[in-house]
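S.K.: Line by line, the protein sequences are chains S and A. Letter by letter, the first sequence follows residues 1 to 454 of full-length UniProt numbering. Letter by letter, the second sequence follows residues 1 to 301 of full-length UniProt numbering.
Be aware that one or more of the hints could be misleading.
Said to hold, decoys possible - Reference excerpt, derived from the structure (chain S facing chain A, CB under 8 Å, subset only):
#1 H179
#2 L225
#3 E227
#4 F280
#5 E283
#6 I284
#7 S287
#8 N339
#9 F343
Stated by the list, open to error - Computed spacing ranges between beta-carbons, pair by pair:
#10 M48(A) <-> I217(S): 36 to 44 Å
#11 A96(A) <-> D407(S): 32 to 40 Å
#12 I51(A) <-> E224(S): 18 to 26 Å
#13 M48(A) <-> E224(S): 21 to 29 Å
Said to hold, decoys possible - A few chain A positions that, by computed beta-carbon distances, are all more than 12 Å from chain S:
#14 R33
#15 A93
#16 A96
Treat the hints as calculated values from the structure; they're not laboratory data. Virtual Cβ for every residue (Gly too), placed ideally from N, Cα, C.
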Amino acid sequence: MGEDAESSKINHSFLRDYVTEADVISTVEFNHTGDLLATGDKGGRVVIFQRETESQGEVEEVGDTGESGEYNVYSTFQSHEPDFDYLKSLEIEEKINKIRWLPRQNAAHFLLSTNDKTIKLWKVSERDKRPEGYNLKDEEGRIKDISTVTSLQVPVLKPTDLMVEVRPRRVFSNGHTYHVNSISVNSDGETYLSADDLRINMWHLGITDRSFNIVDIKPANMEELTEVITAAEFHPHHCHLLVYSSSKGTLRLCDMRASALCDHHTKLFEEPEDPGSRSFFSEIVSSVSDVKFSHNGRYLLTRDYLTAKVWDLHMEKGPVETYQVHEYLRSKLCSLYENDCIFDKFECVWNSTDSVIMTGAYNSFFRMFDRETGRGVTLEAWRETSKPRAVLRTRRVYNGGKRRRGDVGVDSLDFTKKILHMAWHPEENIIAIAATNNLYIFQDRVNTESQGQD
Amino acid sequence: MFPKGTKRKFSDSGDEPPAGSEGVNQPSSAAVRMLSSYSLQRQSLLDMSLIKLQLCHMLVEPNLCRSVLIANTVRQIQEEMTQDGTWQIMTQALSAANAAAQCSADRLVATEVLCRQTEAAQGEATPRPLPTVGSDGSSAEELVVVEEEEEERVEEGVSTLSPQPPTSYLPSTFGMDPCWEEETDEDEDEDSEECASGSEEGDNDRLVEDSRTAEQVFGTFEIKNPAPSPDPALEELFSDVDASYYDLDTVLTGMQSAPKMGPYDLLESLSSHGPSPLSSSTSCRSDLNELDHIMEIIVGS
Numbered sequence: 001m002g003e004d005a006e007s008s009k010i011n012h013s014f015l016r017d018y019v020t021e022a023d024v025i026s027t028v029e030f031n032h033t034g035d036l037l038a039t040g041d042k043g044g045r046v047v048i049f050q051r052e053t054e055s056q057g058e059v060e061e062v063g064d065t066g067e068s069g070e071y072n073v074y075s076t077f078q079s080h081e082p083d084f085d086y087l088k089s090l091e092i093e094e095k096i097n098k099i100r101w102l103p104r105q106n107a108a109h110f111l112l113s114t115n116d117k118t119i120k121l122w123k124v125s126e127r128d129k130r131p132e133g134y135n136l137k138d139e140e141g142r143i144k145d146i147s148t149v150t151s152l153q154v155p156v157l158k159p160t161d162l163m164v165e166v167r168p169r170r171v172f173s174n175g176h177t178y179h180v181n182s183i184s185v186n187s188d189g190e191t192y193l194s195a196d197d198l199r200i201n202m203w204h205l206g207i208t209d210r211s212f213n214i215v216d217i218k219p220a221n222m223e224e225l226t227e228v229i230t231a232a233e234f235h236p237h238h239c240h241l242l243v244y245s246s247s248k249g250t251l252r253l254c255d256m257r258a259s260a261l262c263d264h265h266t267k268l269f270e271e272p273e274d275p276g277s278r279s280f281f282s283e284i285v286s287s288v289s290d291v292k293f294s295h296n297g298r299y300l301l302t303r304d305y306l307t308a309k310v311w312d313l314h315m316e317k318g319p320v321e322t323y324q325v326h327e328y329l330r331s332k333l334c335s336l337y338e339n340d341c342i343f344d345k346f347e348c349v350w351n352s353t354d355s356v357i358m359t360g361a362y363n364s365f366f367r368m369f370d371r372e373t374g375r376g377v378t379l380e381a382w383r384e385t386s387k388p389r390a391v392l393r394t395r396r397v398y399n400g401g402k403r404r405r406g407d408v409g410v411d412s413l414d415f416t417k418k419i420l421h422m423a424w425h426p427e428e429n430i431i432a433i434a435a436t437n438n439l440y441i442f443q444d445r446v447n448t449e450s451q452g453q454d
Numbered sequence: 001m002f003p004k005g006t007k008r009k010f011s012d013s014g015d016e017p018p019a020g021s022e023g024v025n026q027p028s029s030a031a032v033r034m035l036s037s038y039s040l041q042r043q044s045l046l047d048m049s050l051i052k053l054q055l056c057h058m059l060v061e062p063n064l065c066r067s068v069l070i071a072n073t074v075r076q077i078q079e080e081m082t083q084d085g086t087w088q089i090m091t092q093a094l095s096a097a098n099a100a101a102q103c104s105a106d107r108l109v110a111t112e113v114l115c116r117q118t119e120a121a122q123g124e125a126t127p128r129p130l131p132t133v134g135s136d137g138s139s140a141e142e143l144v145v146v147e148e149e150e151e152e153r154v155e156e157g158v159s160t161l162s163p164q165p166p167t168s169y170l171p172s173t174f175g176m177d178p179c180w181e182e183e184t185d186e187d188e189d190e191d192s193e194e195c196a197s198g199s200e201e202g203d204n205d206r207l208v209e210d211s212r213t214a215e216q217v218f219g220t221f222e223i224k225n226p227a228p229s230p231d232p233a234l235e236e237l238f239s240d241v242d243a244s245y246y247d248l249d250t251v252l253t254g255m256q257s258a259p260k261m262g263p264y265d266l267l268e269s270l271s272s273h274g275p276s277p278l279s280s281s282t283s284c285r286s287d288l289n290e291l292d293h294i295m296e297i298i299v300g301s
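Starting from the given sequences, assemble the full structure and let the hints guide the process.
M.R.: Have a look at this one:
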């Protein structure tokens, strides 16, 4: 397995000669063990990658686990099709907005995928045996002429090539009037929530014809609408707690034990606005695009347009940490408003130990912040500069001050290359970055001295 | 207006209010220039935001979050302009030049409608320079306002706009909006026993809602522009649905009279000012008629 073959597996899985809109990756998610990585794209397809184990790949000289860390395509299926709502004359996009894996209960894997309107539960199972030796059917399945059957045999299971079957098990439809932006599986393993712009519903994984509405912020008069829900998530351990973020930059923690309808929050997390930096764009840049609980359940990570913030669940008056993702854009907000980039929704993720947070930016850059030191690093997900196994070098955006070689000027940033979607392996330092139609998987080399990432 | 030799930094000063804009006792010439530069940029931002809001109607996939944020920005600008007093100056100046600057007034009225709740607090009596186009009530008028503003937005350089007779602007069209919204909610929530039926029932009670611009902006997220090419199959589909739910005739009329092109084609044809695929001549006038039709469909259906 040469370098080129590896790079084609990792980086070029989605690559075509031209970039089609349908190939743009819209969501990335590791499963709970990190062995599987699912991506959804604008064309409604889901591609699942599986990590190679030692027996299949090369044995690396680094690392005791022997995991080569290569992810190969495991299965591809069409999750959602373009749809048309005839009553409203509304096209329903097939773009996969979110994928969430269920905790594993048996040999099969389950994942939820959603587009704007419909959530689907998929069962991913392997088949590596098949029964042979039927009495009434021949090898191809045709019914045998019964007069040719002279003796009885017991069908036996024979190993075959591995086949991955993906079947839809549930379809949760007609639950949302507005566009679904988040789904989150509850820690109870039985329920999950789906959030659209104005409502959050709770479903039971086994019941598709009804859901509970737990949050509804739709005003009586739509003209009074000033705030929408932008993201929602269940607490990783407490099945009664959920958080949702709004376009006004607030977070609301809701306790479902308090009442059936959680319109009234249990806690409201809001940072008071700094009057000195107020501008016409203050509200837009404060809109939270993603919210994630930390793995330990004590903190919240939010992303707004210019910053990433860490909140302590016990402190509502403001974040405990604020990280500037691309402060150099603050003076460009008007142009970014004009070209709509100011409405881009970046995701943010925690690492497995909640010590590092990561989020995306423009120009194929993404940023990682070490919470202990407070320092941030800029990395790039771009085919031309990443060779397989090469150590990623850090990048810098030059905005005045001393310019170093390799720095990129603010005005030469490519705003069409945005890193919106990403995922961090639940246990190891492996990250998956979606850059338009390409998927990059980077892995930390623990044994090397440098801090670089593969 | 601008100091000599200074390059106008659009992005920079658009963000921060200049220090000299608040309670200046002795306005120096520099402060005045800064102030007018700020006002100019604020106005540009307002115009840009309004264009973005109008274009929302034409997008296949309306993004509610984006529209809400833009609308809030517009409100904020309007509030500030009202506090500054520039709002009143603008409306007075424009109402004086009503005949010629009708289009600009439309823009004002439309934004006034958008921010009605904030201005009501200040007790402003904003003029309604548009002649009453129909006796159907404010709803029709506002529709005309919005549409004409949209036309003005999309086609610049059109000096005269005469309001279209609102033959198709039936109040039932607007009654349809919340009807549709609630009906589909009903359908969707039919099987959701536990859904918060309280709010839904409350909405159903308000079948006739004020059709403000904001309502149209947000309400039409539920009822989007029709398919680019209405075909008999779709009409058949509609004919099967119980007509008591909404005014089918208006819908079908609107769909049938839609030009045979989608919203993107419209934008392209207008921006390029090239050969228009519209039915009649390439004069601005017929373009406006077609635009009117389209806007009516988009907003009204």
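S.K.: Decide, hint by hint, whether the structure agrees.
M.R.: Hint check:
1. H179: At 7 Å from the nearest chain A Cβ, H179(S) passes the 8 Å test, so the hint holds.
2. L225: holds, 5 Å
3. E227: holds, 7 Å
4. F280: holds, 6 Å
5. E283: Cβ of E283(S) sits 6 Å from chain A, so the hint holds.
6. I284: holds, 5 Å
7. S287: With a closest approach of 6 Å, the S287(S) hint holds.
8. N339: violated, 11 Å
9. F343: Status holds, d = 5 Å.
10. M48(A) <-> I217(S): 36 to 44 Å: violated, 28 Å
11. A96(A) <-> D407(S): 32 to 40 Å: Given a distance of about 55 Å, which is not inside 32 to 40 Å, the answer is violated.
12. I51(A) <-> E224(S): 18 to 26 Å: At 23 Å between Cβs, range holds.
13. M48(A) <-> E224(S): 21 to 29 Å: Since M48(A) and E224(S) have Cβ atoms about 24 Å apart, the given range 21 to 29 Å holds.
14. R33: holds, 19 Å
15. A93: holds, 23 Å
16. A96: holds, 28 Å
Hint compliance for this structure: hints 8, 10, 11 are not met, and every other hint is.
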